[in-house]
Structures are given as structure tokens and as C-alpha cells.
Amino acid sequence: MSRIELHEARVCAETGRGEVEILAATTLTLTEPRVALIGPNGSGKSTFARLLNGLVTPRSGRVVVDGLDVAHDGREVRRRVAFAFTDPTAQLVMPTVVEDVALSLRRTHPDRDERTRAALSVLDRYGLGELAERSVHSLSGGQRQLLALAGVLATDPHVLVADEPTTLLDLANTRRVADLLFSLRQQLVLVTHDLDLALRCDRAVLVDAGRVTADGDPHEVVARYRAGVP
Amino acid sequence: MSHLIGAYQPGTTFLHRMPAGAKLVAMAVISLATVVYRSPATSVALLGVVVALLAVARVRLALLVRTLRGLLVVMVLITTFQVWQQGWQHAVTVVGALVGLILLATVLTVTTAVDEMLDTITRALGPFRRFGVDPDLVALAFSLMIRGIPTTIDLASETRQAAMARGLERNPRALVTPMVLRTVAHARATGEALHARGVGD
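Those sequence lines, one after another, are chains A and B. Numbered according to this note's numbering, the first sequence spans residues 1 to 230. Numbered according to this note's numbering, the second sequence spans residues 1 to 201.
Hints were generated in silico from the structure; no laboratory data involved. Hints may be right or wrong, so weigh each one.
Straight-line C-alpha distance at most 25 Å; calculated SDA-like pairs for lysine to any residue [stated by the list, open to error]:
1. B:LYS23 x A:LEU68
2. B:LYS23 x A:ARG106
3. B:LYS23 x B:LEU125
4. B:LYS23 x A:ILE22
5. B:LYS23 x B:ASP136
6. B:LYS23 x A:ARG134
7. B:LYS23 x B:VAL36
8. B:LYS23 x A:THR116
9. B:LYS23 x A:SER135
10. B:LYS23 x B:LEU77
11. B:LYS23 x A:GLU114
12. B:LYS23 x A:PRO110
13. B:LYS23 x B:LEU144
14. B:LYS23 x A:ASP113
15. B:LYS23 x A:ASP170
Restraint ranges, calculated between C-beta atoms of paired labels, are given here [as the list claims (entries may be wrong)]:
16. A:GLU8 x B:ALA162: 42 to 48 Å
17. B:GLU158 x A:ALA24: 35 to 41 Å
18. B:VAL65 x A:THR167: 36 to 42 Å
19. A:ALA24 x B:ARG66: 22 to 28 Å
20. A:ASP124 x B:VAL65: 31 to 37 Å
21. A:ASN41 x B:ALA162: 18 to 24 Å
22. A:THR108 x B:ARG130: 51 to 57 Å
23. A:HIS219 x B:VAL65: 36 to 42 Å
24. A:TYR126 x B:ASN171: 42 to 48 Å
25. B:PRO127 x A:GLU19: 44 to 50 Å
26. B:ALA156 x A:THR167: 51 to 57 Å
27. A:THR15 x B:PHE128: 38 to 44 Å
28. A:ASP179 x B:ILE102: 43 to 49 Å
29. A:GLY127 x B:VAL74: 25 to 31 Å
Partial list, derived from the structure: chain A residues whose beta carbon lies under 7 Å from chain B [said to hold, decoys possible]:
30. MET94
31. THR96
32. HIS109
33. PRO110
34. ARG112
Values in this document were obtained by computation on a predicted structure and should not be read as measured data. The beta carbon of each residue, even a glycine, is placed where N, CA and C say it ideally should be.
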């Protein structure tokens, strides 16, 4: 498993009325295979997740993945840490399913035929082979999310950070995406409102009002989260 | 919703097998000739050639009609203006050329996988690396532009439906403002997703 370290990492955002702290200085180390980030809307958990792949850089402090500083070694970190968004629509940038996965493979497979074969193999791995030539526009929400996951997993990253990947999905697709996520050999950092998914993880981190307020066994952290909701 | 522009249709026709570079060059030559030798006869000839190409590429008729329907309002406005200002011959020249060139571009996108187009552009721009041009980034921008057409049309359609649901379909602000905001938000989200995937690193 990768070693993800936050050392006093603090995130702020500029607003018209000055600077607002989104995530207070946070120090922790994630080495477990499955980590859940839970908390209310607007609590800062997505910001926390974005720190891990360099989408957000800390105002102060450091984020280190396997010894690589996200602020200075962003390219290398992004090769190790993949990121999946809640809404896959913006993540799918090519017209057809196979082309979108192939986009991820352009760096590792310069030859187009070889790249297409590799992309088809990735699609087969995630049960999307039959959709290869379909327009991404014609896919259902569940298929789009699975494709978005296949696209970021195509490069075989060490870590997958998934930001509420099941929020927009129905029950059947939630199960399908969750089963995929929990079958991966990659380390998983899962931002979720689905507490059943959080309970399947090895560790849970509760983020509330920009601070980590509980961290540890998922059953205890989820119980604490539930107890704090009026 | 499905759109012709930006939608590759897999196939084995002569046009599908033709190299993307050759198709791009042919399109550039035909476009230039249409502008340089502009006349009603040229525009009609262009439309004839394009209809033949659409048939060769076996473009689905229903899809073609849907795309042309999207252009109808703009073309009627341009035709009316041109007839009023310059006469019907000029209108045939301008509108015929516009429709012909849009359909010609459609033939290209329908018969060419975007991945193949990216490779062609990357290869063609290779010599410009020494001047600081990044061919991969230019090719990606090209593909995003093609992908952006159906996405933007979808956003417009959703915005129109949202305005209708609130009884605001005749209010231009209720249509334009959210449309612009959603398009910019989508562009930002796409940039963030590309960054997350390490594309362009």
C-alpha cells in the first residue's frame, strides 16, 4: 500500500471578503487499503481528497505520497494517485468509450493500434467491452461512472481517490460501482455519504467544519457521526 | 441526445479507410476552392459532392436530418438577410457554401475516430516542437473542441427545459445566463478532470 502523509496541511480559498479556511492544519498518515472520508456537505472532505492528487495545493504544510511531495512532484504523484469525480460527465472527454480509455494510455502506448488493444482490454476487465464503440453520450449514469473509473484505472495507479462516486447512481449501479471499488487491488480513499460503504472500509475519517473530528475504526467513527446529527 | 457533429460512426467504407491526414487535406482544399471560386454554381457543386460523400460514408439519414434541423433557423435568417441585401444568387452562394462546408466537416468527424485525428495532428505538428509547440496539447484541444459541440448543445437543451419548467422560456436572461455559467463550469470541471488524469503533464 502507498503511504499518504499530511503534515499540517492547511487549505484556504480567496473570497471577495478575504481568505477563508477550508481545511484546518491537518496531520495524519493513511496506509490502510480502504479509507473512508465522511462528513456533512461542505465540511471539507472533498478538499481533503483533492489534496491527495494535487488538484488542490495546501496554503501551508505538506502532502506526501510515497515520499513524493504533491506540490513539487505533482506529475509523478498524479501517475500514482488517480482521481474519480462525483459526476463523470466532465471526466469523459472523448466521443467514444474506447477512445476515452485510450486517452489515458497515450503516454504509455504511443502506437495507436497497440493503444486501442490495451484500451479494449481495460474495458473488458471492467465489464464494459460491449460498449467500446458507443458514444459516451448514449451511456447511462452507471455506465458513465464505470467508464470514468476504467479511464483513470487504465494507467494502473497505486491509489484511487473517489469523490462520492455513487451519489448520482441508483441502487443497482451503486452496488455495481461499490463492488468494483472494493475489488480493486489499489489503495482506495473513498469520499462518501453512504455510511454502509464507509463501514466496509478499514479506516474512517470524519471531517466536519474543515477539521478532522474523528479518525479510526469505521464503526466507531460512523457512530460518532450519527450521534452528532440532530 | 445524439448529434452528428463530433460523433464517430465506426464503418468500413472507403472514407473510413482513408487516412485522416488525407481527409483533412482534402477538406482544406475543397474549403479553399469554395471560397476562392465562390459562385452559385460552385456552392451547388459543393452540395452535390457532399451529398455523394455522405452517401458513400453511409451516414444515417435520421441523424443527418436531426443535425440539419438544428441549423435550420440560422440558415433561414442568413438566407433572408442575403436575399434582402444582395439578391438570391448571393444567398445561394453563401448559404450553399456554409451548409456544404458544415456537412463536409460532418463527413470527416463521422468517418474518422478522434484518436486517429489526434495522432495525425500530433504527427503533423511534430516539426514545430522546436518552436515550443506541444503537439499533444494542440491535438487534445482539437478533440475537446469536437467533444464540446454535443456537450454544449446538451447543456443548452437542459437549460431551455429548466427555463420552461419555471415558465421562463421567453426570458432571454433565464436562458443565456445559466447557459453561459454552466458552459464555463463544465469547461472548468473538464480541465480539472484532465489535470487529475495527468493529461497534459
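Tested hints:
no., hint, result
1, B:LYS23 x A:LEU68, "45 Å, violated"
2, B:LYS23 x A:ARG106, "23 Å, holds"
3, B:LYS23 x B:LEU125, "16 Å, holds"
4, B:LYS23 x A:ILE22, "51 Å, violated"
5, B:LYS23 x B:ASP136, "20 Å, holds"
6, B:LYS23 x A:ARG134, "23 Å, holds"
7, B:LYS23 x B:VAL36, "20 Å, holds"
8, B:LYS23 x A:THR116, "21 Å, holds"
9, B:LYS23 x A:SER135, "22 Å, holds"
10, B:LYS23 x B:LEU77, "31 Å, violated"
11, B:LYS23 x A:GLU114, "23 Å, holds"
12, B:LYS23 x A:PRO110, "22 Å, holds"
13, B:LYS23 x B:LEU144, "20 Å, holds"
14, B:LYS23 x A:ASP113, "20 Å, holds"
15, B:LYS23 x A:ASP170, "43 Å, violated"
16, A:GLU8 x B:ALA162: 42 to 48 Å, "44 Å, holds"
17, B:GLU158 x A:ALA24: 35 to 41 Å, "37 Å, holds"
18, B:VAL65 x A:THR167: 36 to 42 Å, "37 Å, holds"
19, A:ALA24 x B:ARG66: 22 to 28 Å, "52 Å, violated"
20, A:ASP124 x B:VAL65: 31 to 37 Å, "36 Å, holds"
21, A:ASN41 x B:ALA162: 18 to 24 Å, "22 Å, holds"
22, A:THR108 x B:ARG130: 51 to 57 Å, "25 Å, violated"
23, A:HIS219 x B:VAL65: 36 to 42 Å, "59 Å, violated"
24, A:TYR126 x B:ASN171: 42 to 48 Å, "44 Å, holds"
25, B:PRO127 x A:GLU19: 44 to 50 Å, "47 Å, holds"
26, B:ALA156 x A:THR167: 51 to 57 Å, "25 Å, violated"
27, A:THR15 x B:PHE128: 38 to 44 Å, "41 Å, holds"
28, A:ASP179 x B:ILE102: 43 to 49 Å, "45 Å, holds"
29, A:GLY127 x B:VAL74: 25 to 31 Å, "42 Å, violated"
30, MET94, "6 Å, holds"
31, THR96, "6 Å, holds"
32, HIS109, "11 Å, violated"
33, PRO110, "9 Å, violated"
34, ARG112, "5 Å, holds"
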